[in-house]
Amino acid sequence: IVMTQSPDSLTVSLGERATINCKSSQTVLYSSINKSYLAWYQQKPGRPPKLLIYWASTRESGVPDRFSGSGSGTDFTLTISSLQAEDVAVYYCQQYFATPITFGQGTRLEIK
Amino acid sequence: QVHLVESGGGVVRPGMSLRLSCAASGFTFSDYPMHWVRQAPGKGLEWVAVISSGGNNEYYADSVRGRFTFSRDTSNNTLSLQMNSLRAEDTAVYYCARDSPVTGGAFDIWGQGTVVTVSA
Numbered sequence: 001i002v003m004t005q006s007p008d009s010l011t012v013s014l015g016e017r018a019t020i021n022c023k024s025s026q027t028v029l030y031s032s033i034n035k036s037y038l039a040w041y042q043q044k045p046g047r048p049p050k051l052l053i054y055w056a057s058t059r060e061s062g063v064p065d066r067f068s069g070s071g072s073g074t075d076f077t078l079t080i081s082s083l084q085a086e087d088v089a090v091y092y093c094q095q096y097f098a099t100p101i102t103f104g105q106g107t108r109l110e111i112k
Numbered sequence: 001q002v003h004l005v006e007s008g009g010g011v012v013r014p015g016m017s018l019r020l021s022c023a024a025s026g027f028t029f030s031d032y033p034m035h036w037v038r039q040a041p042g043k044g045l046e047w048v049a050v051i052s053s054g055g056n057n058e059y060y061a062d063s064v065r066g067r068f069t070f071s072r073d074t075s076n077n078t079l080s081l082q083m084n085s086l087r088a089e090d091t092a093v094y095y096c097a098r099d100s101p102v103t104g105g106a107f108d109i110w111g112q113g114t115v116v117t118v119s120a
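As given, the protein sequences belong to chains D and F, one line each in that order.
For the first sequence, the working numbering begins at 1 and goes up steadily by one.
For the second sequence, the working numbering begins at 1 and goes up steadily by one.
Among the clues, some could well be false.
If you anchor each label on the Cβ, the simulated ranges turn out as follows [claimed, not checked]:
#1 Ser80/F x Lys112/D: 41 to 47 Å
#2 Arg13/F x Thr11/D: 39 to 45 Å
#3 Ser9/D x Ser30/F: 37 to 43 Å
In silico lysine-lysine, DSS-like type, Cα no more than 30 Å apart, as pairs [what the hints assert, rightly or not]:
#4 Lys43/F x Lys50/D
#5 Lys23/D x Lys43/F
#6 Lys50/D x Lys35/D
#7 Lys23/D x Lys50/D
In case anyone wonders, no lab produced these hints; they're calculated from the structure.
Given the structure is predicted, the values throughout are model-derived calculations rather than measurements.
We put the CB at the ideal spot given by N, CA and C, even for glycine.
Same shape as in the complex, but just chain D (with noise of 0.2 Å):
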């Protein structure tokens, strides 16, 4: 499955909203149980990827609620609601519905 991000790159100023979309290349919504396979991450230079969604929209433990993820199927973005100083990394969409596993190839948030 592969998965394709947009933009590379996008410049958002401090406050407002950042949006990142994914999209899948097949399904990855396991119909039985209404639940998409997909996760984002966030990377900041030098660190290890950090959960940050899954299962296309419920947050991990202790995300702050300014990140949200919505989609299903093959469609998925993640938002910022207001972007803070410390969000500035490479966020990661990851299929995790078949093996093998695929990210996106990364999206670089940055300041204007």
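Using the hints provided, position chain F relative to the given structure of chain D.
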């Protein structure tokens, strides 16, 4: 506190072997499938392999199948990644990561990574 700590990285020549380890602590190791993910310099994340909670099933990315072997030792709470016939394109930071049933299989815990450099 839940921790994963990788070790074993280094600089090797093409064709050589290297064995990475990942030490787990703070959780019931035998309950969780585990993964290796790598990241080439300046590049994105690439999934490498998974091992089942019981250690009896593994699955590999096409890029490493037949060269890498993933194993786990439940008595010592450790993972091992035996890497043979290394190539320049295997140069990367290698992370071990926990596959959480709570998340349906997303990776909720990551190690800090260990650096592998394959160069003549």
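How the hints compare with the structure:
1. Ser80/F x Lys112/D: 41 to 47 Å: Hint holds: Cβ distance 45 Å, inside 41 to 47 Å.
2. Arg13/F x Thr11/D: 39 to 45 Å: Distance hint for Arg13/F, Thr11/D holds at roughly 42 Å.
3. Ser9/D x Ser30/F: 37 to 43 Å: With Cβ atoms ~42 Å apart, the hint holds.
4. Lys43/F x Lys50/D: holds (17 Å)
5. Lys23/D x Lys43/F: Holds, because 19 Å separates the two Cα atoms, which is no more than 30 Å.
6. Lys50/D x Lys35/D: Cα-Cα ~21 Å, so holds.
7. Lys23/D x Lys50/D: holds (20 Å)
Hint compliance for this structure: every hint is met.
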